[in-house]
Amino acid sequence: MITVKLDVMLAKRKMSLTELSQVVDITLANLSILKTGKAKAVRFSTLEALCRALNCQPGDILEWTEDN
Amino acid sequence: MGQKELSLLLRAVVALLAVFLACAIIFFLPPLTYEVELFCLDRGMSETLASALGGCAFPAVIALSAVPCFAALWLAFGIFTEIGKNNSFCDKNAKRLGAISHLALLDTAVYIFLAVALCLLGMGHPSVVLVLGAVVLFGISMTVACAALSHLTQKAADLKADSDLTI
Numbered sequence: 001m002i003t004v005k006l007d008v009m010l011a012k013r014k015m016s017l018t019e020l021s022q023v024v025d026i027t028l029a030n031l032s033i034l035k036t037g038k039a040k041a042v043r044f045s046t047l048e049a050l051c052r053a054l055n056c057q058p059g060d061i062l063e064w065t066e067d068n
Numbered sequence: 001m002g003q004k005e006l007s008l009l010l011r012a013v014v015a016l017l018a019v020f021l022a023c024a025i026i027f028f029l030p031p032l033t034y035e036v037e038l039f040c041l042d043r044g045m046s047e048t049l050a051s052a053l054g055g056c057a058f059p060a061v062i063a064l065s066a067v068p069c070f071a072a073l074w075l076a077f078g079i080f081t082e083i084g085k086n087n088s089f090c091d092k093n094a095k096r097l098g099a100i101s102h103l104a105l106l107d108t109a110v111y112i113f114l115a116v117a118l119c120l121l122g123m124g125h126p127s128v129v130l131v132l133g134a135v136v137l138f139g140i141s142m143t144v145a146c147a148a149l150s151h152l153t154q155k156a157a158d159l160k161a162d163s164d165l166t167i
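Taken in sequence, the protein lines are chains A and B.
Mapping to the numbering used here: the first sequence position 36 is 36, numbers consecutive.
Mapping to the numbering used here: the second sequence position 137 is 137, numbers consecutive.
It is worth saying that the hints were derived from the structure and are not from the lab.
Take the hints with a grain of salt, since some may be wrong.
Stated by the list, open to error - When the alpha-carbon atoms are kept at most 30 angstroms apart in a straight line, the in silico DSSO-like pairs for lysine-lysine are as follows:
no., chain 1, residue 1, chain 2, residue 2
1, A, 35, B, 4
2, B, 155, A, 40
3, B, 85, A, 38
4, B, 85, A, 40
5, B, 85, B, 95
6, B, 4, B, 95
All figures in this text were calculated on a predicted structure; none of them were measured in a lab.
Isolated chain A (complex conformation) (with noise of 0.2 angstroms):
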């Protein structure tokens, strides 16, 4: 399964889910889904909003597990 690591990123750049939804113009409630892992699919255009934001690249916001 896919995970969603934007958590350990905000933590990583001491930046807030307020403070990221402001630079890459999401709705809170959209990043607080993606961030609980509630999310079905992400957008190229969102993901490239984050890694922008984050300076980081895709891997390090999601990481894929092996099913239990």
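Since the structure of chain A is provided, determine the placement of chain B on it from the hints.
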């Protein structure tokens, strides 16, 4: 017309239909029962049999067949309320439409049974059979339309959930 106004209008129509149905049962069933009793006597049935058929069986079947109609109207009221909340495509509405489809099927079965029973009792007057046939056709149409709408609403609800959770 806005979504809220449409929802309000549809709910008002459903409420009016419920009142109309209730009035039809309260005011038209007793004289109709009397007419059926007279019709039975005209057909040479004994008074006991005519009273049992016209006075008990006939009104009981008609009144019972109204129960699924009221239930379907209540479910339709729920669907129209969801439309007002801008939540038309949801699992609840798909289930409600499925339930309406089953209720329409139940009522259709009741009227098919009634038509067959009337024909077997020799009371199958062409006008009565014609009216029952129209009711059965309407019931079948409602069953098919609601089943198809239930399927489509479920698919749309699934797509909406996917879309809402795509960031």
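Does the structure break any of the earlier hints, and which numbers would those be? Hint 1 contradicted; others consistent.
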